[in-house]
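Asker: 24 is the number of the first residue of the sequence shown in the working numbering; add one for each residue after it.
Any given hint could be a false lead.
As the list claims (entries may be wrong) - Simulated DEER-style distance windows between Cβ atoms:
#1 G176 with Q80: 53 to 59 Å
#2 R71 with I254: 55 to 61 Å
#3 L109 with E131: 37 to 43 Å
#4 P171 with T56: 40 to 46 Å
#5 E131 with E106: 30 to 36 Å
#6 R71 with G134: 33 to 39 Å
#7 E76 with L135: 24 to 30 Å
#8 G176 with D68: 25 to 31 Å
#9 R147 with R71: 25 to 31 Å
Claimed, not checked - Derived pair list, reagent style DSS-like, types lysine-lysine, alpha-carbon separation capped at 27 Å:
#10 K122 with K190
#11 K122 with K145
#12 K145 with K190
#13 K103 with K190
#14 K145 with K103
Honestly, the hints are just simulated from the structure, not real lab data.
Glycine included, C-beta positions come from ideal geometry on N, C-alpha and C.
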Amino acid sequence: LKLSLCSSFLLLPHSTAADLVLRAGQTVCRGGTQRPCYKIIYFHDALRRISFEEAHQACRIDGGHLVSIESESEQRLIEKLIESLLASDGDFWIGLRRKEEDVDNSTECQGLYSWSDGSTSKFRNWYTDEPSCGREICVVMYHQPSAPAGVGGSYMFQWNDDRCNMKNNFICKYSLEKPTAASEENSQVDVVTGSLKPAFPEERIKEDANETLKEPREPVLSLVYILIPSIPLLLLLMVITAIFCFWLFAKRQVA
Numbered sequence: 024l025k026l027s028l029c030s031s032f033l034l035l036p037h038s039t040a041a042d043l044v045l046r047a048g049q050t051v052c053r054g055g056t057q058r059p060c061y062k063i064i065y066f067h068d069a070l071r072r073i074s075f076e077e078a079h080q081a082c083r084i085d086g087g088h089l090v091s092i093e094s095e096s097e098q099r100l101i102e103k104l105i106e107s108l109l110a111s112d113g114d115f116w117i118g119l120r121r122k123e124e125d126v127d128n129s130t131e132c133q134g135l136y137s138w139s140d141g142s143t144s145k146f147r148n149w150y151t152d153e154p155s156c157g158r159e160i161c162v163v164m165y166h167q168p169s170a171p172a173g174v175g176g177s178y179m180f181q182w183n184d185d186r187c188n189m190k191n192n193f194i195c196k197y198s199l200e201k202p203t204a205a206s207e208e209n210s211q212v213d214v215v216t217g218s219l220k221p222a223f224p225e226e227r228i229k230e231d232a233n234e235t236l237k238e239p240r241e242p243v244l245s246l247v248y249i250l251i252p253s254i255p256l257l258l259l260l261m262v263i264t265a266i267f268c269f270w271l272f273a274k275r276q277v278a
């Protein structure tokens, strides 16, 4: 498994479910092109984080789903991606949700969770004594680096059931496709490296505007290159015309 950073993660300074511009974020794919691919959406401003349903809809609009984590290796991969952000406290929605609300027995309710993308994986990474069930039916991946450790250790990357209307960051996953020849050549594990410069929607708009302005420059420059060499010829024609007009005027005066 080799990871290639297609560009960077999406760290949004502000947004709502309606105006999430996920296309301004970039994905990390296996081998650079092989799916599944991921987008880690992290909000600097905690007030702009969104609910489970809003996150689910944002991923669906962008052609993916909230992430399903189907194995220990995929769990470790997601951890590496989040660690690369060097982000502050803020949990991440994943695509796991319980089918029923009214279950108080944690042993019984553990079997009622399913992935929103249809995955049948039974892999789980619950924090100690989780899920607590009750009305907490959606699932987050803990990311609280500054929090004191609890009975199950630090609150980092284990899963916790939470109320679905809570506001969190989220992770999108893009479905499997047939691997390309290029991606099949890459089969070894690599740690994600590369520039993690945030890609803001405002920056993308400016870049697009600059590209639009650049496009007409080439024809304009070509026209300049044609006109400059012709200036002496134009001046000569003007002088000849002036002399001819003067000659006609003088001839009429003599006549």
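Asker: Quick one: which hint numbers does this structure break? Sort them smallest to largest.
Answerer: 1, 7
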